[in-house]
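Asks: Position chain B against the provided structure of chain A, taking the given hints into account.
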Amino acid sequence: MSAGGDSTMAPIGNGDRVALLEFRDVNTHYGAVHILKDVNLAIYPGELVCLLGGNASGKTTTLKTLLGMVVPTSGDVVLNGEVVNNKPISYRVENGVTMVPENRRLFKRLTVKENLVLGAYLRSDRDGIEADLQHVFELFPRVEERLSQKAGTLSGGEQQMVAIGRALMSRPTVLLMDEPSMGLAPALVQQNFDLIQQINEEGMAVFMVEQNANMALSIADRGWVLQTGMVVLDDSAESLLANPEMRAAYLGET
Amino acid sequence: MSATMTSSSAPSSRSGYRAPVADQDWRNVGKWGGLCTLALVLVSLIGMPVGLDRRILIHPVLSLGYLSLLWIPLVLGFVVSRHVELEGVESPEPGGRDLLAGALTGLLGGFGMAVFIVALDTFNLRDPLVNWSPQLLELLNYGRGLGFGVVAWIAACSVLGLLGSSIHVIPAGVRRVVSYGAFGLLGIAVLEGAIADLSEGFGLQSLTDSIYANRGGVTVVWSIVLVVIIGVVSMLTRGRFKAAKANYGELQGPERKRASMILFLLVALLTIILPLFLGTIMNELLANVGLFLLLALGLNIVVGLAGILDLGYVAFFAVGGYTTAVLTSPDSPFFAPEMHFAITLVIVVVFAGLVGLIIGAPVIRMRGDYLAIVTLGFGEIIRLLFMSDWLKPYFGGAQGITNVPGVDLGFVTIKGTDPRSVFYLVLVFCALAIYISWRLQASRLGRAWMAIREDEKVAEAMGINTVNAKLLAFVVGAVLASFSGAILVAKVGSVFPNSFMILVSIIILVVVIVGGMGNIAGVLVGSFVLIGVLGGPRQPGLLHEFQSFKLLIYGALLVFMMLQRPEGLVPSARRSQELHQEEFLQDVWLKGEEHEGEEHEEELHAAEASGAEGHEGSGA
Chain A
0 MSAGGDSTMA
10 PIGNGDRVAL
20 LEFRDVNTHY
30 GAVHILKDVN
40 LAIYPGELVC
50 LLGGNASGKT
60 TTLKTLLGMV
70 VPTSGDVVLN
80 GEVVNNKPIS
90 YRVENGVTMV
100 PENRRLFKRL
110 TVKENLVLGA
120 YLRSDRDGIE
130 ADLQHVFELF
140 PRVEERLSQK
150 AGTLSGGEQQ
160 MVAIGRALMS
170 RPTVLLMDEP
180 SMGLAPALVQ
190 QNFDLIQQIN
200 EEGMAVFMVE
210 QNANMALSIA
220 DRGWVLQTGM
230 VVLDDSAESL
240 LANPEMRAAY
250 LGET
Chain B
0 MSATMTSSSA
10 PSSRSGYRAP
20 VADQDWRNVG
30 KWGGLCTLAL
40 VLVSLIGMPV
50 GLDRRILIHP
60 VLSLGYLSLL
70 WIPLVLGFVV
80 SRHVELEGVE
90 SPEPGGRDLL
100 AGALTGLLGG
110 FGMAVFIVAL
120 DTFNLRDPLV
130 NWSPQLLELL
140 NYGRGLGFGV
150 VAWIAACSVL
160 GLLGSSIHVI
170 PAGVRRVVSY
180 GAFGLLGIAV
190 LEGAIADLSE
200 GFGLQSLTDS
210 IYANRGGVTV
220 VWSIVLVVII
230 GVVSMLTRGR
240 FKAAKANYGE
250 LQGPERKRAS
260 MILFLLVALL
270 TIILPLFLGT
280 IMNELLANVG
290 LFLLLALGLN
300 IVVGLAGILD
310 LGYVAFFAVG
320 GYTTAVLTSP
330 DSPFFAPEMH
340 FAITLVIVVV
350 FAGLVGLIIG
360 APVIRMRGDY
370 LAIVTLGFGE
380 IIRLLFMSDW
390 LKPYFGGAQG
400 ITNVPGVDLG
410 FVTIKGTDPR
420 SVFYLVLVFC
430 ALAIYISWRL
440 QASRLGRAWM
450 AIREDEKVAE
460 AMGINTVNAK
470 LLAFVVGAVL
480 ASFSGAILVA
490 KVGSVFPNSF
500 MILVSIIILV
510 VVIVGGMGNI
520 AGVLVGSFVL
530 IGVLGGPRQP
540 GLLHEFQSFK
550 LLIYGALLVF
560 MMLQRPEGLV
570 PSARRSQELH
580 QEEFLQDVWL
590 KGEEHEGEEH
600 EEELHAAEAS
610 GAEGHEGSGA
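Going line by line, the protein sequences match chains A and B.
Take numbering that gives the first Met the number 0: the final residue in the first sequence is number 253, and no numbers are missing along the way.
Take numbering that gives the first Met the number 0: the final residue in the second sequence is number 619, and no numbers are missing along the way.
Since the hints were derived computationally from the structure, they do not count as laboratory data.
Note that beta-carbon positions come from the ideal geometry of N, C-alpha and C, so glycine has one too.
Check before you lean on any hint, since a few could be wrong.
Only pairs whose alpha carbons sit at most 27 angstroms apart, straight line, appear in this in silico DSS-like list of lysine-lysine [what the hints assert, rightly or not]:
#1 B/Lys244 to A/Lys36
#2 A/Lys112 to B/Lys256
#3 B/Lys244 to B/Lys256
Each pair of labels, with its calculated beta carbon distance range [to be verified]:
#4 A/Asp124 to B/Val231: 55 to 61 angstroms
#5 A/Gly182 to B/Ile372: 32 to 38 angstroms
#6 A/Pro44 to B/Lys241: 45 to 51 angstroms
#7 B/Arg255 to A/Ala186: 43 to 49 angstroms
#8 A/Gly182 to B/Tyr247: 41 to 47 angstroms
#9 A/Tyr90 to B/Ile346: 47 to 53 angstroms
#10 B/Tyr247 to A/Ala186: 50 to 56 angstroms
#11 A/Ala186 to B/Leu353: 52 to 58 angstroms
#12 A/Arg125 to B/Tyr247: 28 to 34 angstroms
#13 B/Pro170 to A/Gly182: 55 to 61 angstroms
#14 A/Arg125 to B/Tyr434: 21 to 27 angstroms
#15 B/Ile372 to A/Asp37: 37 to 43 angstroms
If we strip away everything but chain B, and leave its shape as in the complex, we get:
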């Protein structure tokens, strides 16, 4: 998963000494091998292989189900043989020792899997473990009997572990081509739906028909062709992208402004034109991404800039949705003015702002954990209020409000049945939100928020009215969320309390964290990757097969990001530097001494060697 990301820090100057092959860190190998076994068995038992087996990636050979297992020894083989690269500290050149470590890790995993398969065959534990099924056994055996399965897993895992560790050993150029080819092919296979849809729009259906097999998945022949094409392209364009980026970075003044403008226009044009060529499903997906992007941008102001950990953000989403439903739907149980969406929006803004103030006022004086818990509570309270019998005459209780009309623009009506129009509506609001976020970031208020995030007491001492600034962050976030809620309701045509579960808050927060907190580009990438590929709380993404494993993957991703890349996928330069500087300095300090020792040893070796030579020389 993260293989290329971490391997990109290729050693620029190889130090030239190799560690002996048998000099293994056995504990380390044992640890990762054990983890490999655990991960393989866990993934099998949660039903991923069986559940995802229907989605074929490369026509007859590889399904998503198998991939869900096979990546584990590959990545762990890579991890076990990884050296920490430290500035000023030489590490041994990767070689046979690392290959062995990777293969051993895979082997351990394979053994574990073999034992698991045998156990699967002998015992029946289906009662507590639902996925302990004959289908799983069949799948793990490749349908060819127990013996084949055992041998195949041991062999496959060892080879994959070896492959994973070989990533360190092969030259950087080859590694680049191979990883681009592999990830490119994986991307093409995973994004099959989107690509097929897009090519249909451009009239290239015949091409995709030949690339993808009937039952889905890239055909074997095309897989090879594609890998070759991507590899060649990556070789040809090697360094170009970086150079272009550097060039852009060096531009100054009006030139840079012009370049940014052109770039911006290109992207804007693409986002406007592309949906015209996309089908209903893809447009629906894009609209969902947009809705969540809007939410994430709002939360990014609250959490990323002002540092207020709001776990009840869904409340404002709900307020926007319900206000719109009540004001526009003829079926609103108590008060049904059937207003136009545009007028409704104004009232939505006012309402959301007010609710932001009402919830914010008591909450804002708290800090850290307390604030998070209290907002979490408020988020639930709002949902329960809409659900309650007490307010049922006004909001319809659990039945919600239905029959919400679309947005009538005179020449066209924006409705859920036409997701393309919804996407354009969302696009307008996202553009607005991005503009607002961008301007706020560089403004005096933005600076005040950042100061509060860093040190509230000192911010106060600088004369910043911290209570007002924090309330304002809360209100701006609330308004952006309410827009999203209003559009969602107009799109779906109804509103129910259960669309506003706590899960929505959590997922938006994960989007912001995984993308990169306090960073607009990060939030954009986060929404596309998480909502677009994995899917939202109820909205399917490109990998709709993952529906039942979505939360698990969200959780795993969050843990992984917090440990390995706390600055997010697209870190602002600021965050990443600050987050890694400290550990880096510590590392140098810690490893420095150890290394001195090594160097000393090396000198001894060298002295011995020259001594031996001298001896030989004199003997001859």
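This is chain A alone, in the form it adopts within the complex:
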């Protein structure tokens, strides 16, 4: 494949802006198994980027490493210009990184409100939390209606709203989304991507890991393709969509 390991650190169209969140030659291992191999990524303010790749290509590990659930064996994770390799998850959440987990994974037996408030667990500014709650209700009026209902009783689409709302409650600057369209009814997938786009238009950087490459690239600015732990393509969304290798491998075309 073309871009290979020599992907440069000058992503398309970002001039010399400072990256919010960055991977610099990151390697990770689970025991002896080498997962990520010299991965370089950079997420800039306000971007909507996506990471594509097949099964076991290291997508979820990338997310976990960004959030701090996995510590890289070499290389650096850089948040706002600071190396945060050994900082705990709480530090990264406080500094603007939040994840929307795969399959939403709400706290099912807690109410919607409790779920949302838990998103702001590390914050202590009551007024700010209240304001952000209102903001979530503006984004998702449905959520306000369901406030005292248990999260497990919501429909899939509503759960996705609460999951995103919960993530927004920590006032992130980068939203990491793990397979946001997984497990949603086809009709909801489009709605879900619209939602992501809407949040992105408010100025939040979104980094999503997706299997649904076509959809993801249609709203993303840039994308990476990960294969067996290596970044094999790093390009703008349009170029990726146009790339014949890409189309063959991930978009199901021959």
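Replies: For chain B alone, coordinates are given in the frame of chain A:
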């Protein structure tokens, strides 16, 4: 046992169609009838009827021994004829078909019992079955010969089965009065000890002397009077309680606060004043309930809130007990500073917290089953350490440490010989524990615990330091248990390793589960019902006759609760909704189709009927 609980969901709108009487679900009847036989024979063979025959409930007619058998056909008759009530699905109106099903179930049980009695008379299987005894035969025959016994059991079981099923058929109002009367009388009979004790304190001894016969048990005349009184009262107060509750629920803001305050003060006043009127035995019982309540509240934080299934909880109970014994007893073998209880408590807290950390640190990283097994191991290790020869010079080995003084408060010494004072001491700590639990539940930490219980990985992703939060839950639970241990030792005056068997952990867990996990009120009710009525691992409860069957009943109760009411006796609204919603939805979905079929049939019937009418009409 659960008869009224489940029957309370009376159909609000009766659908009006009746199923034909002979249209029985024979398999179902056979199944429950067989179960009825099995249960009757099992209860007989474990020796319950003979063992409990001495405790008389209603003077000459009913003893606890007979009751241990007779409830079975009654309840199974109720169960076999129960319809699942589903929203949006009509079920046939209860009627003759259900009565027949109940009676048949009872009849099968009665037949089984008759065969059992004959077998009891003919064979001698006393060798493997200890309770296969002439006394049992005598008891089952009512002392009137084999023939009488056979006929009596068949008849009694059929009638009881019929009665059980008739609960569905009689109108809701009558059912209410009858069930209140029956359960009220049962309560009065079972709580004889407590009631007699209480009335003695209030100087009403003459009243209880007339209610209860000399050998125990409510007299027949009084039974009727009491049932009538309770029935009338229940009729008069019908709906009032519910209305009051609804009113309370509707109150808002300061008014509600005031109402809660008054309610709280009333309960507090009652708990403080009541023991003054109670005798030694009842106070002893209350003190035991308090000790276990303290333990259960602690475990409730660990299991109910943080979701850590700790099966070795008794370890902290032991640490509290031994620390107190070593520090206060002059007979402590190695180090005997003879400190005051108050100072000891501070050290107990520190020790228990430390042990909580030491045990918690390795354990907390495990999950689910692994964690449960490892804590189980630690619980035993602590007991075995206290028991060991290695630590005998410090803790006295199996002989333990004796001569632990009571708590000297200057004006009074709290000792086991004065259980009332122990109760007040326990009360203070329970109040403290309830306050702590209540505040923690609503706090940020409480929310973090609940999040961890729900989904640890996501909780971590929210920025919650899961290891610290879980350790903290462990430590808070450990400290509450150690208080209980300290008070127990001061009360008993000695400490032995065998007071801290694994059974204690299990029983506390059962208290928490049966009461309602993650719910303070549930834990309160659970302690009163289980420890107060049935008794703790070594402490007798109100039904001290059940001593030898206690574990069996604990086990049966646990199985029953897990199957029928996993949210506990006093569920938090949250748990019950979530636990039953799913099965409910499934039921509607499953039965929906079946019902559509029925409806279709009904239409056909209706069409036929009208057709026939039309035919007749034209013929005339």
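Asks: Indicate, hint by hint, whether the structure satisfies it.
Replies: Against the structure, the hints come out as follows:
Our distance criterion of 27 angstroms between C-alpha atoms is broken by B/Lys244 and A/Lys36, whose separation comes to about 64 angstroms. Restraint check for A/Lys112 and B/Lys256: satisfied, since their Cα atoms lie roughly 23 angstroms apart, inside the 27 angstroms limit. Using a Cα cut-off of 27 angstroms, the hinted pair B/Lys244 and B/Lys256 holds, with the two alpha carbons roughly 15 angstroms apart. Taken as a hint, the range 55 to 61 angstroms holds for the pair A/Asp124 and B/Val231, whose Cβ atoms sit roughly 60 angstroms apart.
The beta-carbon spacing between A/Gly182 and B/Ile372, approximately 33 angstroms, falls within the hinted interval of 32 to 38 angstroms. Range check, A/Pro44 to B/Lys241: Cβ separation about 58 angstroms, and the 45 to 51 angstroms hint is violated. The hint said 43 to 49 angstroms for the Cβ distance between B/Arg255 and A/Ala186, and at roughly 44 angstroms that hint holds. The hinted window of 41 to 47 angstroms between A/Gly182 and B/Tyr247 holds, with their beta carbons roughly 42 angstroms apart.
Between A/Tyr90 and B/Ile346 the beta carbons are some 37 angstroms apart, a value that contradicts the proposed interval 47 to 53 angstroms. For the pair B/Tyr247 and A/Ala186, the supplied restraint of 50 to 56 angstroms is violated, since their beta-carbon distance comes to about 45 angstroms. Distance hint check: the CB atoms of A/Ala186 and B/Leu353 are about 57 angstroms apart, consistent with the given range 52 to 58 angstroms. The hinted range of 28 to 34 angstroms is satisfied by A/Arg125 and B/Tyr247, whose Cβ atoms lie roughly 29 angstroms apart.
Against the hinted window of 55 to 61 angstroms, the Cβ-Cβ separation of B/Pro170 and A/Gly182 comes to about 49 angstroms, which falls outside the hint. Taking the beta carbon of each, A/Arg125 and B/Tyr434 are about 24 angstroms apart, inside 21 to 27 angstroms as hinted. Distance hint check: the CB atoms of B/Ile372 and A/Asp37 are about 42 angstroms apart, consistent with the given range 37 to 43 angstroms.
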